[in-house]
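**Student:** Quick mapping for you: the protein sequence lines, in order, are chains L and H.
Okay, so the first sequence: first residue is 1 according to the working numbering, each after it adds one.
Okay, so the second sequence: first residue is 242 according to the working numbering, each after it adds one.
Think of the hints as simulated: they come from the structure by calculation, not from any bench.
Be aware that a few hints might be false.
[Claimed, not checked] To be clear about the criterion: a stretch of chain L counts as covered by chain H if any three or more of its residues have a C-beta under 8 Å from a C-beta of chain H, and this derived list gives those stretches:
hint	segment
1	65 to 71
2	138 to 146
3	189 to 200
4	203 to 211
5	215 to 223
Here a beta-carbon is modelled for each residue, glycine too, at the ideal position from N, C-alpha and C.
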Amino acid sequence: MDFAFMRDTFLTLMGGVPLTLNLAFTAVAFGAVFAMLLALMRMSRVKVLDWPAQAYVFVFRGTPLLVQIFLIYYGLGQFRPTLQEWGLWTFFREPYWCAVLALTLNTAAYASEIFRGGLQSVPHNQVEAARACGMSGFLLFRRIVFPIAVRQALPAYGSEIILMVKATSLASIITMMEVTGLAAKLISQTFRAVEVFIVAGLIYLILNFIITRIIMAIEWWLSPHLRRPPAIEPRLEAAHV
Amino acid sequence: MQQLSYFELVGFGPNGWGWALLTATGMTIAVATCGFLAGSIVGTLVAWGKIGGNVVIRSLADGYTTVLRGIPDLLVIYLFYFGGSAALGAIGSLFGAEGFIGVPAFATGAMAIGIVSGAYQAEVFRGAFQVVSRGELEAARSVGMHRWLMFRRIIAPQVLRYAIPGLGNTWQLVLKESALISVTGLVELLRQSHIAAGSTRRPFDFYITAAVLYLLITWVSTYLFQRAEAHSMRGMRRAS
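Whenever a hint applies, use it, and build me the whole structure from the sequences.
**Tutor:** The structure is reproduced here in C-alpha cells:
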C-alpha cells in the first residue's frame, strides 16, 4: 500500500469536508423546523392538516433521494421560463440549493415520524399533572411536553443526522465537490479505487463518530435522572478501611 | 415539432417510452432482489459470527457492520465499480488484453447492495435470534440435533418469523439504494428516466413518473411484507 499517495488523498479529500458538513447541517436545521410542523400537523387530529402531512411522508420516504434530487435539479428545468418569471430560477439553477432543498424535504419526512413518536411517548399523567398546576397551551408544551419528547426522540434523531451526513454524498452526482465527489474524481483520475475508498470511508467514519459522541453527550446532559448519583461521604468510607 | 402530451410521452404508443420504463422497472426489481438475497447470505454469516464467533470473528463482524453502516452507499458502489474493473484489468493484462475492462453493471450493483444490506440484515437477524427461547435450543441439542439440523429446523424458521418486519425495512432501503446503481450505467428505472429525459427534454415528466413507479413498488412490497408477517404469525398467541 502506497502511504504517500494515501496521505495526499487524505489531504485532498479533507477539502470536501466543509461542504459535506455544510450540506448536512443546513438540511438538518431547515428539516427539523419543517419536521416539527409536519409532526404537529399529524397530531392535530384535523383531517385537512393530518392527511397532507401523511401523504407527504409517504411520498418522500417511499422514493429514492436521488430521484428527488434529479426531480428538483433537472426536472424543474422544464419549467424554466415560469421559474424565471417568478424570480426563482437563480435558486433552482444552483446545484447547492437544489441539493439542500432535496435533503431538507427528505429529512423532514423521516424526522417528522421520529418527532411524532417522541411527542406521543410523553406520559399522559405528566400532562395531567401540569394541567392541574394550571399550565396550558404553549407553556405546557415548552416546559413539559417538549423536553420529555426531545429526550425520547434524540437517539433516533441522532441516527437520522448520521444518515443525512451519508446522504450528502448524493450531491456529488449533481456536480457538488464534497468528499464523495472529490473521491470519485480522484478514482477516475488514478484508478486506485481501493486506496481512495479507504481514505474516504475513514473520513466519513471519523465524522460520524464525532457526531455520535456529541449526540451521546447531549443525551447525558438531558437525562440527569438516569445518571448514577455522586458518591457521598467518601472520607468516612476511607476511615473504615 | 408538436409537443407530445404527457400520456403520449410515457404511454405505449410509437413515441411513448412506456415499454422502456416498464423494462427498467423490472431491472430495478431484479437488481434489488438479487442484492437483497446476497445481503441475506452475508447477513446470516455475519450474524452467526456476532453470536457464536470467538473474539476475533466477533470483532471482525462488529467492525464490518459499523463500517458499512457508517459510510455512504455511493462510495461502496464506486469501490465495486472502479475497483472491480481495475482488478479485471489487471487479470486481463496478464492475458495480453489492454485498457479498461468494464465489469458487468448488474453484478457490480447486486454485489454492492448485498454487501451494504448484509450489514443491516445481520443486525436484524441478530435481534431476531435473541427472541428465540434458550430452552428450545437446549431441547433441540438434548434430542441430539447437530448444528446444521438445529439451524434448519429450529433457528431459521423462528428467526425468519421475527425478522420479517426488520427485513421489510431493509428491503425498502435496498430498493431506494438500487437507484444509486444508475451511476454505473445499469439501465434501471432512474437511468432509463435520465436517458428519456435527455432525449425528449422533458425531465420533470420522466422523473415524476419514476418517482410514482418507485412509490408503487414500495407500496406493493409493503403489502406483501404485511401479508408475510400475518402468515408467519398465524397460530401465535398475541399479547393484547
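**Student:** Mind listing which of the numbered hints don't hold for this structure, in increasing order?
**Tutor:** Result: hints 2 and 5 break, sorted rising.
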